[in-house]
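Student: Please put together the full structure from these sequences, using the hints given.
Sequences listed follow chains D and B, in order.
Numbering (our numbering) for the first sequence: 1 to 76.
Numbering (our numbering) for the second sequence: 1 to 689.
Among the hints, a few may not be true.
As the list claims (entries may be wrong) - No farther apart than 20 Å at their CA atoms in a straight line, the calculated lysine to aspartate or glutamate pairs in the EDC-like style are these:
{"#": "1", "chain 1": "D", "residue 1": "K57", "chain 2": "B", "residue 2": "E279"}
{"#": "2", "chain 1": "D", "residue 1": "K72", "chain 2": "D", "residue 2": "E60"}
{"#": "3", "chain 1": "B", "residue 1": "K353", "chain 2": "B", "residue 2": "E279"}
{"#": "4", "chain 1": "B", "residue 1": "K444", "chain 2": "D", "residue 2": "E27"}
{"#": "5", "chain 1": "D", "residue 1": "K57", "chain 2": "B", "residue 2": "E357"}
{"#": "6", "chain 1": "D", "residue 1": "K72", "chain 2": "D", "residue 2": "E61"}
{"#": "7", "chain 1": "D", "residue 1": "K72", "chain 2": "B", "residue 2": "E357"}
{"#": "8", "chain 1": "B", "residue 1": "K591", "chain 2": "B", "residue 2": "D63"}
{"#": "9", "chain 1": "B", "residue 1": "K444", "chain 2": "D", "residue 2": "E56"}
{"#": "10", "chain 1": "B", "residue 1": "K444", "chain 2": "D", "residue 2": "E60"}
{"#": "11", "chain 1": "D", "residue 1": "K57", "chain 2": "B", "residue 2": "D63"}
{"#": "12", "chain 1": "B", "residue 1": "K444", "chain 2": "B", "residue 2": "E501"}
{"#": "13", "chain 1": "D", "residue 1": "K72", "chain 2": "B", "residue 2": "E279"}
Claimed, not checked - Covered by chain B, according to a simulated footprint, are these stretches of chain D (three or more residues, beta-carbon under 8 Å):
{"#": "14", "segment": "1-9"}
{"#": "15", "segment": "59-73"}
To be clear, the hints were calculated from the coordinates, so they are not data collected in a lab.
What you are looking at is a predicted structure, and each value in this text was computed from that prediction instead of being measured.
Each residue gets a CB set at the ideal place from its N, CA and C atoms; glycine is no exception.
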Amino acid sequence: MAAVLLSALLALGVFLFALWPLFGEREPIPDQRPAGLLQEAVARSVRELETDLRLEKIQEEDLEVIRRHLEKESVS
Amino acid sequence: MGTVGTYALFTALALALWGTAASLGAYRTGDLRLLRSAARSIHGITVLASLAVLALWGGLLRDDFTLKYVWEYSRTTQPLVYKLSALWGGMSGSLLFWCTLLAVFSSLAVTLNRRNNLKLLPFTSFLLLLSLLFFLVVLVFKTSPFEPLYDGNGVALRDYPPQALAQVEGNGLNPLLQNVYMAIHPPMLYLGYVGFAIPFAFILGALAHRERNTFWMRSARNWAMFSWLALGIGILLGGYWAYIELGWGGYWAWDPVENASFLPWVTGTAFLHSFLMQEKRGIYRFWNVFFILATFLLCIYGTFLTRSGILQSVHAFGQEDPSIPWYFQLGTLFVAFMAGMLVLGVALILRRKELLESGQRLESAGSREGLFLYANLLLGLMALIVLFGVTSPIFYRMATGKELSHGPEFYNPRILPVALAVLLVMGLASVAPWRRGGWEAYRKHLLFPSMAGASALFASVAVFLSGGPALRADFSARPLTYGYLLACVALSFFVAAILVEEYARSVRAARRAGRSFLLALLHPFRENPRRYGGYLVHLGVVCLFLGVAFSGTFQREYQESMRVGDAVRFGPYTVRLASLGHDDLDADLRKVNQARVWADLQVFRGDRFVSLLRPQRVFYAANPQQPTYEVAIHSRLMEDFYTVLAGFSLEEGTVVLGAYVNPMVAWLWLGGLFVLAGGLTALVPMRRW
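Tutor: Dropping the structure here:
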């Protein structure tokens, strides 16, 4: 009996926890771009490609083409 | 315990229903309140599913035989570790474990992405909640681990008086699963299977939310990398378990359930590489959606094959009651879920196909981008071959009513050429330049590796030609096998040389930049952990190729009857049966869980004593008619001497000893360590150590 009561209490608690946000004000999901993350993602990719530049696996003009493309993609 | 578990699962199911509806509502209306409610539903399911797991573990630890699951998979004398691992020893327990892991991972993914990737979360949460809903429906309505046990008269054991209940003993865990590696192998596989659900949900989420940007990729890639690593290590642990527990001298038999775990690993490998191209160049978007969808569905398919009992396998342990109507059979439910997810994925691909166009063309077929495309095609082909091998027996049986199973004779001739091509592409892709190909681009990077590959080839041929008449006769009898072996040796040295040279160039560059020797050795891993972690993984794959090639080609098998005191030759080894021992075999197995018979062997190579081995047979209370094998192995880097007690007579003091000389099996486990080290390195964020 104690187990049943405890389970029922837990169920009620978990449901209240899940439904609680519905009692707040309606607001839209923000559509903002995490600008720092976008730049970081581009910078990370470019940094990895710069390793290849030193190891002669990419030419400078190709790196520039890829960098431009990544930057264009990040603002699209 | 049963009541708590049942209520927890019911509540989790109701919460999953609400969460699925709320996340879909959030996707359609963009209401943040609904999204928050869906996320909290996932957290709630995590708490409830974990509670159900604790309840089942509680039942197993307390020998609560009023629960059918506990009675089927545990017994009072079962060691603690196997009482705990009985959680995934049966169908409903393992589905509960799957569901709980999925809930935990979903909670983590939602929490970690609540700031940076909030925009993607409505549809991502919807897919995760839909998957949770499926598993909870199965657990609540189809196969609950908290089902009560009834006796032959239809009386529930929970209604027994305590004295009568104390007399009840459980069946016990399948003896083959009472092995420490089997206690680790399934959770590792499940970490992989379940983990792939997260990148799957994120990628389809990005598609549904029309997100072309790549900022969310880091999170998805890390989940995919973690899952791929766990699945790979899980597969290797399964191979090691088969090697030491089944007593047949091998580690991989193209068994359907083995293949079922191999399939998502292959497509997951393709996904990880192809995804890199999307991150760097914005290309192969379609391939990535295709591969992650395939990987997720194959993870579900693997679980389905293991649990449904639809295929005969040493690993399958689910058997459906034939009296259950077809539409309520577990197999039907799994097929319906997979079909639903497939339709959803394909519909999204079709509706968002403009997002999957990169707007870029492949500049050169010999470029790095081109080689990654070949890798996609080859790995896709490999997955198709294995999928056909696993699935065709099911359709064959449906059509003819007869059994069919594919073994090494089906897979080896089809997979080996593809695998060797993958090895070649793996090496070339490491040195291939971006955006351009051509001989000039490769020439300076391939001189040393080509010399290494050619030298290895010539040396191998010379060894075979000078290896005596027996080796030459074997060479003539199996030219294709030796052809594959030579190709594998040459390509392995070629790829290993590429990897070593690439690493050495990076170290030299660091030295030129003024770093000390020690720091220069670490610099490549610090500067670009993904790249050099990947190279470590590739080195592990080379070790795996060599281990498989040599152990598969040169395994030698022996079997001899011996009397105590006899010394018998097994290839290069001489074995003396020093003694034959045993536990008290008349003891009540119900009280001791197991009893052993063993042979003490002195092993010599030439005149030199090398090892004392003790192969055993173990009689488990769970199945005393079929004693399991505990093999004994003298393991060295270049060769294993593997012994198995095939038969014995305690009265006559005789044994039948099986023995295998297995070359280079240790290279598989060494390769696994490289894969683990490389995978962990690749997961480390750049410049964080």
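Student: If a hint holds in the structure, say so; if it does not, say that too.
Tutor: Cross-check of the supplied hints:
1. D:K57 / B:E279: Answer holds: K57 (chain D) to E279 (chain B) is near 18 Å, not above 20 Å.
2. D:K72 / D:E60: Judged against 20 Å, a Cα distance of about 18 Å means the pair holds.
3. B:K353 / B:E279: 18 Å, holds
4. B:K444 / D:E27: The given pair, whose Cα atoms are some 60 Å apart, is violated under the 20 Å limit.
5. D:K57 / B:E357: It is violated: about 26 Å lies between the C-alpha atoms, which goes past 20 Å.
6. D:K72 / D:E61: Given that 20 Å is the threshold and the Cα spacing comes to 17 Å, the pair holds.
7. D:K72 / B:E357: 15 Å, holds
8. B:K591 / B:D63: 14 Å, holds
9. B:K444 / D:E56: 10 Å, holds
10. B:K444 / D:E60: Roughly 18 Å between the alpha carbons, so the hint for K444 (chain B) and E60 (chain D) holds.
11. D:K57 / B:D63: Distance of about 63 Å is beyond 20 Å: violated.
12. B:K444 / B:E501: 11 Å, holds
13. D:K72 / B:E279: Between K72 (chain D) and E279 (chain B) the Cα gap is close to 13 Å, so the pair holds against 20 Å.
14. 1-9: holds (count 5)
15. 59-73: holds (count 8)
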